[in-house]
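Trainee: Whole structure, please, built from the sequences with the hints as guidance.
The primary structure of each chain is shown beneath.
Number of protein chains: 6
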Amino acid sequence: MPTRRPNALRPTTIEPYPTNAAGSVLITQGGTRVLCTASIAEESPRWMIDKKTGVATRGWVTAEYSMLPGSTNSRKRRGTDSRATEIQRLIGRVLRAGVDLGQMPGLTITCDCDVLSADGGTRTASITGAFVALSQALAKAQLRGLVDGSPLLGNVAAVSVGIVDGSPRLDLDYKLDVAADVDMNVAMNHRGDFIEVQGTGEQGTFSRDQLDSLLDLAATGIRELITIQQDAESTLKQP
Amino acid sequence: MPTRRPNALRPTTIEPYPTNAAGSVLITQGGTRVLCTASIAEESPRWMIDKKTGVATRGWVTAEYSMLPGSTNSRKRRGTDSRATEIQRLIGRVLRAGVDLGQMPGLTITCDCDVLSADGGTRTASITGAFVALSQALAKAQLRGLVDGSPLLGNVAAVSVGIVDGSPRLDLDYKLDVAADVDMNVAMNHRGDFIEVQGTGEQGTFSRDQLDSLLDLAATGIRELITIQQDAESTLKQP
Amino acid sequence: MPTRRPNALRPTTIEPYPTNAAGSVLITQGGTRVLCTASIAEESPRWMIDKKTGVATRGWVTAEYSMLPGSTNSRKRRGTDSRATEIQRLIGRVLRAGVDLGQMPGLTITCDCDVLSADGGTRTASITGAFVALSQALAKAQLRGLVDGSPLLGNVAAVSVGIVDGSPRLDLDYKLDVAADVDMNVAMNHRGDFIEVQGTGEQGTFSRDQLDSLLDLAATGIRELITIQQDAESTLKQP
Amino acid sequence: MPTRRPNALRPTTIEPYPTNAAGSVLITQGGTRVLCTASIAEESPRWMIDKKTGVATRGWVTAEYSMLPGSTNSRKRRGTDSRATEIQRLIGRVLRAGVDLGQMPGLTITCDCDVLSADGGTRTASITGAFVALSQALAKAQLRGLVDGSPLLGNVAAVSVGIVDGSPRLDLDYKLDVAADVDMNVAMNHRGDFIEVQGTGEQGTFSRDQLDSLLDLAATGIRELITIQQDAESTLKQP
Amino acid sequence: MPTRRPNALRPTTIEPYPTNAAGSVLITQGGTRVLCTASIAEESPRWMIDKKTGVATRGWVTAEYSMLPGSTNSRKRRGTDSRATEIQRLIGRVLRAGVDLGQMPGLTITCDCDVLSADGGTRTASITGAFVALSQALAKAQLRGLVDGSPLLGNVAAVSVGIVDGSPRLDLDYKLDVAADVDMNVAMNHRGDFIEVQGTGEQGTFSRDQLDSLLDLAATGIRELITIQQDAESTLKQP
Amino acid sequence: MPTRRPNALRPTTIEPYPTNAAGSVLITQGGTRVLCTASIAEESPRWMIDKKTGVATRGWVTAEYSMLPGSTNSRKRRGTDSRATEIQRLIGRVLRAGVDLGQMPGLTITCDCDVLSADGGTRTASITGAFVALSQALAKAQLRGLVDGSPLLGNVAAVSVGIVDGSPRLDLDYKLDVAADVDMNVAMNHRGDFIEVQGTGEQGTFSRDQLDSLLDLAATGIRELITIQQDAESTLKQP
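Chains as they are written, first to last, in the numbering used here: chain A, 7 to 245; chain B, 7 to 245; chain C, 7 to 245; chain D, 7 to 245; chain E, 7 to 245; chain F, 7 to 245.
Please note: incorrect hints may appear among the correct ones.
Intra- or inter-copy, both count: the list cannot distinguish identical chains.
Listed next, the in silico BS3-like pairs over lysine-lysine satisfying Cα-Cα at most 25 angstroms (straight line) [to be verified]:
no., residue 1, residue 2
1, 243, 146
2, 58, 243
3, 57, 181
4, 181, 146
5, 181, 243
FYI, nobody ran anything at the bench for these hints, they're computed from the structure.
From a predicted model like this one, the values you see are computed outputs, not experimental measurements.
Mentor: Pasting the structure below:
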């Protein structure tokens with residue numbers, strides 16, 4: 007296999023996957039495979055409901071993230087650990103940045119990201135894939151008359167970047183991730199604005215210059231991922 | 007779609023699926039899809055270890071069963087409920103009937119059955135698929151020198167049967183299952199002996215004659231499923 | 007003690023036991039003793055309530071099963087493990103087959119089976135005893151005007167059978183259970199129809215002929231147990 | 007039924023009860039019935055084991071308390087709530103005051119108190135009954151050579167007292183307990199020394215004089231209970 | 007440091023502490039420091055609400071107790087263990103004895119006692135401090151018009167006493183507590199009546215005479231603590 | 007009160023606080039007060055111990071974060087929720103960036119951050135305060151001979167920044183935090199390198215220019231906080 011360039015994504019596809027959820031896609035990014043489903047519930051989280059009126063004026067989008075036991079080299083035990091908790095909060099925040107919640111009152115959409123096979127970048131692949139499942143579910147909600155017009159504000163996607171052997175790299179697989187001194191996850195929208203930036207230097211620290219080069223790299227990757235999302239969305243819309 | 011005959015299985019395939027587990031297949035039986043992985047651990051459950059010698063003279067095979075949130079029409083909440091507990095105990099018991107545990111001392115193989123899409127018969131499809139994943143994992147264990155010779159005793163597979171509108175039916179999908187007065191899950195081995203028979207008449211009771219006709223039907227279906235397993239096993243063995 | 011014949015039940019009694027529950031009996035079957043109580047609540051499980059009308063058109067019967075710490079040779083830890091979960095689901099299913107739930111709208115009866123002393127067959131003794139407690143509770147519900155007429159459809163009882171040293175045996179005690187190659191629990195009603203058949207061959211498999219002889223043996227035992235139930239019910243009705 | 011005198015115990019019996027535990031008695035005190043079992047384990051709690059030597063120089067006695075679902079008028083849900091936690095800590099402390107733990111190194115005895123029927127005073131009846139089960143278990147431990155000589159220091163028993171309608175009362179049943187302004191549980195040994203005094207005035211407060219009269223009453227009751235214990239112990243010792 | 011007399015309290019202060027709760031004080035008693043806050047909620051516990059009227063005719067006061075991880079010599083793990091459960095039930099009972107719950111319908115006040123530093127007597131210091139926080143919260147409730155007039159019935163406070171080396175001691179610090187044969191916690195009101203007496207002799211038993219001398223000592227200490235409470239309350243009322 | 011400039015920290019102090027932990031300080035940053043303690047344990051987390059040698063070649067630093075119930079305007083329920091989980095993982099990661107774990111084999115230091123009063127920026131104040139407690143604990147570890155030389159690599163501190171009404175602001179209090187469109191937490195070391203950057207735009211997105219101005223502001227604030235830390239460390243070292 008030819009070596010991947012430092013600024014190249016791994017081969018990435020987003021395909022429809024047959025489940026019983028309103029939105030359902032499988033994202034494959036190199037050896038990472040995540041099944042992303044989006045389920046619609048005609049209800050609102052408790053804290054969102056106005057105690058006086060009994061009604062919620064906005065909708066909600068939330069996410070859950072889990073790794074299947076066979077997704078990792080040594081079997082992953084089931085259950086939500088602290089890492090998964092942190093990741094699913096991130097996924098939810100980023101997806102909500104792509105939606106006008108005021109346009110979907112009374113609805114809750116839960117995006118489930120289940121990692122079938124893990125080879126690095128599972129949280130960012132989850133975001134990128136879940137956005138398409140969410141978009142698919144919102145299209146169904148429109149058809150069923152649950153929302154007027156699309157609540158979508160535009161695409162959101164995410165990618166990981168990092169500093170490996172002193173150089174910036176795009177889209178870390180597991181081996182690169184382990185070798186990285188600095189690890190950063192970046193989520194952006196279709197206009198190139200940031201939604202979330204999370205950079206961590208547990209094995210080291212990073213300078214302002216390094217930060218800048220990582221953000222540049224992430225922007226490139228995310229533009230490409232949004233194109234892949236848009237292709238998948240077109241396909242899904244076809245009869 | 008032509009109506010399925012009462013004694014016909016739904017279209018069924020068992021294919022290899024790329025995860026990081028030692029054994030990994032996707033079984034598709036009509037609209038039911040279950041990802042079955044088998045992971046090897048070089049350890050023994052506590053209760054199996056002799057307190058004096060500190061060693062277990064036999065190995066262990068166990069199973070976990072879970073439905074992904076998007077697998078059902080209304081989103082399934084995560085977590086092991088009492089139904090899943092009962093099902094995974096059944097899967098484990100049946101798989102162990104296909105293995106000589108004395109031939110795999112010091113090893114534990116966990117078979118994870120994650121339902122990606124549910125349309126009836128998920129527990130029996132889990133058994134049928136997990137056996138192939140288990141067989142694949144045991145082949146790897148042999149290659150790695152963890153076992154001498156194969157601990158497999160022969161194939162095991164399972165199918166559901168039931169009485170719908172007064173007539174016996176093979177391989178119930180969700181609609182048939184809901185309509186059934188009697189629901190029975192049967193597991194057998196390649197010699198046609200029973201491993202497990204679980205018949206329940208919550209919506210009604212059943213006579214000895216009805217029981218007999220259900221068992222006949224199950225035997226037919228299981229013979230066919232074992233052929234499908236054997237084909238999948240041949241494919242997996244090819245380079 | 008003279009050897010028990012292979013087709014004989016252990017000495018079995020069902021007696022009223024003074025607790026504060028609406029129905030309350032102690033069943034003794036050889037060395038197995040289970041306190042079975044039935045408590046009436048004027049409420050319905052959530053999932054049964056129609057969201058629009060706020061009312062449940064049927065009642066519910068459920069069961070809980072637990073072994074007291076001193077019931078086993080080495081102290082049993084408290085708490086519901088997976089075995090208990092599976093057993094209490096079985097007990098509930100079988101009891102419901104003896105009741106017309108449509109005749110008891112708005113009521114939930116919980117049958118608690120607490121094993122005081124365990125010597126094999128605790129799940130089947132629980133069913134046989136709990137039915138009498140349930141019957142007693144339903145009689146009280148009638149007296150209090152909570153139901154019109156009795157919702158009972160007839161008696162249900164259960165027994166274990168197994169293959170020990172190659173021969174079929176009725177009503178296995180702990181020693182026989184450990185020695186058995188095949189273990190089967192059978193529940194039937196007063197008309198001799200099956201409600202539940204659960205046969206397991208973890209230590210071996212079983213042929214159709216063996217299955218047939220086990221079912222014959224179970225039918226004999228259950229007929230006898232239903233007579234014991236009916237005697238206990240007559241006693242309980244007396245002033 | 008003739009009115010019980012304010013300084014009289016309810017009819018109280020302590021009988022052997024057939025379970026699989028080393029010690030096993032049923033105490034009946036009026037309408038309160040508690041099954042008390044004592045189980046021997048040849049192990050020590052972790053915190054008791056000296057990290058250097060790996061050995062515990064003393065033994066341990068602990069207790070668990072639970073009410074069966076049918077023991078109360080409205081069904082009691084299973085599981086250890088905060089009241090049960092508090093009670094089982096009390097039972098354990100009092101029982102340990104009757105034992106020289108230094109005489110039973112390497113042993114842990116767990117006394118399980120399961121309330122079959124509750125009519126007030128369940129925690130004190132648990133103490134009084136569990137002591138006899140403990141004594142029975144320690145006798146077996148001696149026979150098995152697990153201890154040299156008896157670790158028992160003498161009998162311990164407990165009773166409830168309270169102020170009802172302004173007057174002190176011994177051994178409150180449920181109705182009296184509800185009506186009481188002050189509720190006190192007292193545990194003493196055979197020499198008439200206090201082990202535990204717990205007086206609570208949630209519905210009111212109490213003066214020093216009232217406290218004195220309650221303690222006098224408790225002493226009377228406990229003397230009588232210790233006689234009942236001793237009679238039971240003699241019976242249990244007979245072949 | 008001069009030796010403390012057996013009947014002397016440790017140096018004790020109760021000061022306002024800036025948090026966001028309605029009542030908030032820090033009690034320091036020797037090396038023991040407890041942050042006591044009281045939070046007002048305009049709601050009632052479920053069990054207190056009349057099912058017919060949907061209203062609670064009385065209010066509720068409850069307490070939670072916790073030790074911060076750094077409060078003890080070896081780090082205390084977080085979470086409510088059985089000791090904390092027992093203690094917070096005690097604190098709640100005693101505080102309620104100082105309040106006319108009928109005067110505060112529809113309100114629940116939760117008193118949180120968080121031990122910042124532990125040197126014995128944390129449960130009694132919690133009671134003494136929490137009463138002042140509760141009093142402060144009730145004053146605010148009056149200002150906000152949530153209650154008419156003060157629901158307080160008078161001060162309540164608590165202290166520990168014990169028998170160390172055969173002699174009675176007031177206000178045990180950690181070293182004395184470990185050395186004590188008998189340990190007693192006493193809560194009284196401003197009139198000198200008992201609210202709660204809890205005496206335990208796990209390391210030994212105690213005679214009636216010893217009990218009497220402990221109660222005398224406790225009464226002295228509590229009188230002094232109530233003076234300290236009243237001084238703190240005056241300070242808190244000043245503008 | 008004069009308005010705070012957009013690039014000014016709130017008044018901040020770090021003081022020693024008397025608990026029983028090895029390191030213990032109270033950090034006050036405006037209305038936010040966090041008690042930070044550091045406890046030393048001579049043990050290693052399981053996953054760090056080499057299975058063959060039974061020894062860990064490095065030490066570990068971890069953190070726990072909790073808000074006391076009275077710290078917030080409406081009472082905070084106890085227990086670790088998903089937000090706390092995410093925060094304590096962040097605190098731990100950042101603190102570890104200030105320590106050479108290879109210099110402290112066999113030791114685990116747990117930094118507990120308990121928020122006594124919350125007015126925004128509790129997670130960053132926790133980091134800044136916990137570093138001083140950690141430094142104090144490591145000094146004690148040196149005195150006790152548990153480590154050779156100081157494992158500290160230099161100071162680490164953190165601050166929040168955000169975009170409020172379109173302008174960048176340093177050190178957000180609760181009101182500013184609620185009003186902010188973008189919220190960013192930044193941790194740096196004494197050399198001005200980044201350890202962690204977490205920027206979130208749930209209420210909006212942010213451009214590269216805005217990101218740059220936030221990072222500049224954070225750098226200013228952190229330099230000032232490190233000076234405050236160093237002053238506190240000097241004070242703590244004095245006899």
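Trainee: Look at each hint and say if it fits the structure.
Mentor: Verification of the hints:
no., hint, result
1, 243 with 146, "within (10 angstroms within a copy, 43 angstroms between copies)"
2, 58 with 243, "neither (40 angstroms within a copy, 35 angstroms between copies)"
3, 57 with 181, "between (51 angstroms within a copy, 23 angstroms between copies)"
4, 181 with 146, "between (39 angstroms within a copy, 23 angstroms between copies)"
5, 181 with 243, "neither (37 angstroms within a copy, 28 angstroms between copies)"
Hint violations for this structure: numbers 2 and 5, all remaining hints satisfied.
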